[in-house]
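Novice: These protein sequence lines map, in sequence, to chains A and B. Each residue of the first sequence is one higher than the last, beginning at 198 in this note's numbering. Each residue of the second sequence is one higher than the last, beginning at 7 in this note's numbering.
Bear in mind the hints are in silico, worked out from the structure with no lab data behind them. Just so you know, these numbers come straight off a predicted model, no measurement behind them. Every residue, glycine too, gets a C-beta built ideally from N, C-alpha and C. Keep in mind that the hints are not guaranteed to be accurate.
Claimed, not checked - Quick list of in silico lysine-lysine cross-link-like pairs, DSBU-like style, CA-CA up to 30 Å:
id	chain 1	residue 1	chain 2	residue 2
1	A	221	A	265
2	A	265	B	108
3	A	221	B	108
4	A	275	B	108
Unchecked claim - Listed next, the stretches of chain A that the computed footprint assigns to chain B, with coverage defined by at least 3 CB atoms under 8 Å from CB atoms of chain B:
id	stretch
5	255-269
6	303-311
To be verified - Taking beta-carbon pairs under 8 Å as the criterion, some of the chain B residues facing chain A (in silico):
id	residue
7	45
8	48
9	51
10	62
11	96
12	108
13	109
14	113
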Amino acid sequence: DAGVIQSPRHEVTEMGQEVTLRCKPISGHDYLFWYRQTMMRGLELLIYFNNNVPIDDSGMPEDRFSAKMPNASFSTLKIQPSEPRDSAVYFCASSLWVGASGELFFGEGSRLTVL
Amino acid sequence: AQSVTQLDSQVPVFEEAPVELRCNYSSSVSVYLFWYVQYPNQGLQLLLKYLSGSTLVKGINGFEAEFNKSQTSFHLRKPSVHISDTAEYFCAVSDHSGGYQKVTFGTGTKLQVIP
């Protein structure tokens, strides 16, 4: 299996622009997670999906952030408009439900820089 | 609500010396515990996990961790570290209340192995 695939790996944009990050989970996994990693806050869970349905989006910082999972093989995280404080590495992870004992498989991350 | 505390943000250790990375958790329900490792510019990958049974868990790369329920701890150890162990290590807890998997990560401990 190719693992979790994220794109783009690096994104540099200007404040106010729309940013879309993409994720392809491992085939057959029924959970998908979006995390944000910064030096100040560490690894934060933004939102997670089960069978394409958003379960908990309490970690999404504000209305500028939105996430979708239109099908089992694709998810997007969108920031509109972007701000410099959104600069971070965004990770997507997927998992196969095994009574909560399942391993999370992470992508390599998308490094976002907002100027 | 569950939480994870990693007491040390950075741990320097000489090559071939032993190391212990500390992790404490809190949760109102039964949990599963994990250690993940993140090498530079990569996503996280699983080192080991505790689900049930023996409180001493062995993982990859010679790491092991011990679950201590009375102290709510899950410390990670390695008897002799290598330069290649230089990375950031994350403790994580997962509970299965409500039937959904939600994983909470600690703030991470950066292990620096000194030649």
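Novice: Confirm or reject each hint.
Specialist: Results for each hint:
1. 221(A) with 265(A): holds, 12 Å
2. 265(A) with 108(B): Within the cut-off at roughly 18 Å; holds.
3. 221(A) with 108(B): Measuring from Cα to Cα gives roughly 20 Å; hence the hint holds.
4. 275(A) with 108(B): The hint holds at about 22 Å.
5. 255-269: Result for this restraint: violated, n = 0.
6. 303-311: Held - the stretch 303-311 of chain A has 4 residues with a Cβ nearer than 8 Å to chain B, which meets the minimum of three.
7. 45: violated, 11 Å
8. 48: Result: holds, 6 Å to nearest chain A Cβ.
9. 51: holds, 7 Å
10. 62: With a minimum Cβ separation of about 17 Å from chain A (threshold 8 Å), the hint on residue 62(B) is violated.
11. 96: With a closest approach of 7 Å, the residue 96(B) hint holds.
12. 108: holds, 7 Å
13. 109: OK, holds: residue 109(B) within 8 Å of chain A, min 6 Å.
14. 113: holds, 4 Å
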